[in-house]
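Undergrad: Spelled out, the chains give:
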Amino acid sequence: MKEPLAIPVEAEFICPDVFADKNCREIESLPLHHGNRERRLGELFEVHGERSVRIMIEGDVSRVKKIGYGMTKGRIVIMGDAGMHLGAAMSDGEIIVEGNASDWLGAEMKGGVIRIKGDAGNLVGAAYRGSNSGMNQGMIIIEGDSGNEVGERMRKGTITIMGRAGDFLGAGMTGGTIIVFGRIGMRSGAEMRRGTIVTFQEGDGTAVPLQLLPTFRYDCTYHPVFLRVYLKTLQRHGLEIKEEYVTGNYRRYNGDIVELGKGEILVYEPGA
Amino acid sequence: MHINGVEIEDTFAEAFKMYSSRFIISAVNQKWATEAASRVTGFATSVIGCGCEAGIEGKVPADETPDGRPGVSVLIFTMGKKGMEEQLVNRVGQTVMTCPTTACFNGLEGEEKVKVGGKLRYFGDGFQISKLLDGRRLWRIPVMDGEFVVEDSFGIQPAVGGGNFLILGKDLEVTLEAVERAIEEMKGVKGVVMPFPGGIVRSGSKTSSKYKFLRASTNTAFCPTIKRQVESQLPEEVNCVLEIVIDGLDEGTVREAMKVGIKAACIRGIERISAGNYGGTLGQYQIYLHELFR
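So the protein lines, in turn, are chains U and L. If you use our numbering, the first sequence corresponds to residues 1 to 272, in order. If you use our numbering, the second sequence corresponds to residues 1 to 294, in order.
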């Protein structure tokens with residue numbers, strides 16, 4: 001970034017698919033919306049390199065929206081914080097953020113991998129308002145905490161949060177898997193039809209009881225073999241997963257019975 | 001040609017194009033994975049009467065299975081693609097799904113796929129759950145010990161079946177010892193199975209019979225008790241013959257297994273190594289024994 005931004009920028013053209021066949025001058029000429037003005041990318045960013053599907057962005061781009069929107073290939077690395085709608089609607093490729101990400105991270109994505117080394121905002125992998133489906137495939141890994149309404153209306157993707165998740169986690173989920181190693185917030189799984197929420201309730205040592213909606217019913221305590229496949233996959237992505245999580249038992253709650261009720265919340269049972 | 005004093009007959013094994021699939025059975029421990037694998041490969045010696053040929057390829061260490069539990073790798077072979085799906089669904093459904101703690105995963109990235117979990121899922125009676133991870137679709141079927149996890153589709157590929165060699169020995173004891181040694185060595189070759197009991201055939205066959213209702217009958221030319229009554233291929237000193245049949249993912253692995261097995265079988269008391277063929281009129285592959293050692 002050439003200068004700090006006080007007003008958000010809409011930058012869906014910062015995308016490997018767009019940069020792949022362009023030289024430096026053409027990239028600099030790409031249009032951006034800066035508030036209510038149209039500007040050129042080269043006015044806000046110093047551009048180096050050309051014709052590449054690998055993009056590295058240095059600086060605080062927390063006010064730059066829609067980076068990697070709809071990408072189908074390549075790699076974006078952001079050496080700072082990232083703005084809203086990062087990787088929304090992407091179907092392949094990889095995005096790595098060394099800092100934090102804002103709201104609507106990976107909204108309605110169809111494939112690919114997003115990895116956030118810090119925290120993420122609200123509505124991660126969610127459906128846009130009026131849409132029935134959030135992220136459909138692909139994987140989002142958040143190594144910090146996340147906000148509210150993560151995975152709202154989700155389908156078949158996977159979200160992993162190493163820290164805490166806010167309220168209304170997986171609201172209205174119709175499929176997919178959300179794994180939260182820290183605590184989950186209120187009303188998790190509200191109106192869930194299908195899908196899986198897994199929580200380990202890791203905390204700071206203070207005893208905070210898990211509160212699930214009364215419309216979730218306890219089924220049993222068992223060892224879910226399918227979860228081993230997920231946790232092994234996360235290990236291959238370089239995440240540290242305790243062995244007792246892989247081999248342990250989980251309490252299964254099905255719900256939300258105000259809806260179809262075929263969703264589940266699995267709660268790790270220490271020492272079982 | 002001789003190996004350790006044993007004559008290697010200048011002949012060939014006639015092998016056939018088949019289709020293969022591989023799957024991994026995992027379980028809470030090796031005992032249960034092996035139990036399921038033994039059952040799923042039961043009654044699978046020959047496509048003639050069993051619908052398929054199948055065998056245990058080997059153990060899979062826990063850190064190499066998709067769910068991190070101990071496992072066993074199984075290979076299965078059929079003449080056609082259509083028969084493969086039916087065999088997989090029936091066998092996995094009746095012998096793996098029924099076995100405590102098991103899960104079943106595809107083990108072959110074939111160009112074509114057949115539905116296995118995708119068909120078995122209906123056993124869940126509407127309570128089955130689909131999971132999609134890294135392009136791999138798994139089905140979770142509720143069962144009495146928890147859930148049976150099975151992959152939606154298994155890969156299939158063209159393969160080679162019916163590689164073989166015959167071990168001609170002076171008596172039963174030494175011939176049995178020779179084939180057992182051969183089988184032990186051949187188990188170290190990946191991508192092949194020897195589908196008969198213990199890997200060994202004692203009742204080899206020929207593709208004709210005096211009875212019109214039979215497609216195949218005993219291999220009279222290699223039966224020692226009727227040497228004088230038929231056109232026998234057995235030298236005077238031979239009183240016992242045992243055969244090993246090999247199915248493999250490709251011709252190269254079948255050849256490798258034959259070579260390894262023949263070498264191991266050439267012990268004192270074995271007179272000759274031969275092979276079975278139909279004059280080259282039926283099979284798509286001709287594996288000459290001498291060529292294995294050039």
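If you're looking for bench data, these hints aren't it; they were derived computationally from the structure. Just so we're clear, the structure is a prediction, and the values are computed from it rather than from any experiment. Beta carbons are placed, not taken as given, at the ideal position from N, Cα and C, and that holds for glycine. Careful: at least some of the hints might be erroneous.
As the list claims (entries may be wrong) - In silico contact screen, one side only, chain U against chain L (beta carbon under 7 Å); selected entries:
(1) I7
(2) K156
(3) V225
(4) F226
(5) R228
Said to hold, decoys possible - Once the Cα atoms are required to be at most 30 Å apart in a straight line, the calculated DSSO-like pairs of lysine-lysine come out as:
(6) K187(L) - K227(L)
(7) K110(U) - K113(L)
(8) K232(U) - K227(L)
(9) K206(L) - K81(L)
(10) K170(L) - K31(L)
(11) K73(U) - K113(L)
(12) K212(L) - K242(U)
(13) K232(U) - K115(L)
(14) K242(U) - K263(L)
(15) K113(L) - K262(U)
(16) K17(L) - K206(L)
(17) K59(L) - K31(L)
(18) K17(L) - K115(L)
(19) K110(U) - K115(L)
(20) K232(U) - K206(L)
(21) K110(U) - K119(L)
(22) K170(L) - K17(L)
Undergrad: If a hint holds in the structure, say so; if it doesn't, say that too.
TA: Tested hints:
{"no.": "1", "hint": "I7", "verdict": "violated, 40 Å"}
{"no.": "2", "hint": "K156", "verdict": "holds, 4 Å"}
{"no.": "3", "hint": "V225", "verdict": "holds, 5 Å"}
{"no.": "4", "hint": "F226", "verdict": "holds, 5 Å"}
{"no.": "5", "hint": "R228", "verdict": "holds, 4 Å"}
{"no.": "6", "hint": "K187(L) - K227(L)", "verdict": "violated, 33 Å"}
{"no.": "7", "hint": "K110(U) - K113(L)", "verdict": "holds, 23 Å"}
{"no.": "8", "hint": "K232(U) - K227(L)", "verdict": "violated, 60 Å"}
{"no.": "9", "hint": "K206(L) - K81(L)", "verdict": "holds, 26 Å"}
{"no.": "10", "hint": "K170(L) - K31(L)", "verdict": "violated, 38 Å"}
{"no.": "11", "hint": "K73(U) - K113(L)", "verdict": "holds, 26 Å"}
{"no.": "12", "hint": "K212(L) - K242(U)", "verdict": "violated, 67 Å"}
{"no.": "13", "hint": "K232(U) - K115(L)", "verdict": "holds, 25 Å"}
{"no.": "14", "hint": "K242(U) - K263(L)", "verdict": "violated, 48 Å"}
{"no.": "15", "hint": "K113(L) - K262(U)", "verdict": "holds, 29 Å"}
{"no.": "16", "hint": "K17(L) - K206(L)", "verdict": "holds, 19 Å"}
{"no.": "17", "hint": "K59(L) - K31(L)", "verdict": "holds, 11 Å"}
{"no.": "18", "hint": "K17(L) - K115(L)", "verdict": "holds, 22 Å"}
{"no.": "19", "hint": "K110(U) - K115(L)", "verdict": "holds, 24 Å"}
{"no.": "20", "hint": "K232(U) - K206(L)", "verdict": "violated, 50 Å"}
{"no.": "21", "hint": "K110(U) - K119(L)", "verdict": "holds, 26 Å"}
{"no.": "22", "hint": "K170(L) - K17(L)", "verdict": "violated, 34 Å"}
In summary, the structure is inconsistent with hints 1, 6, 8, 10, 12, 14, 20 and 22 from the numbered list given earlier, while agreeing with the others.
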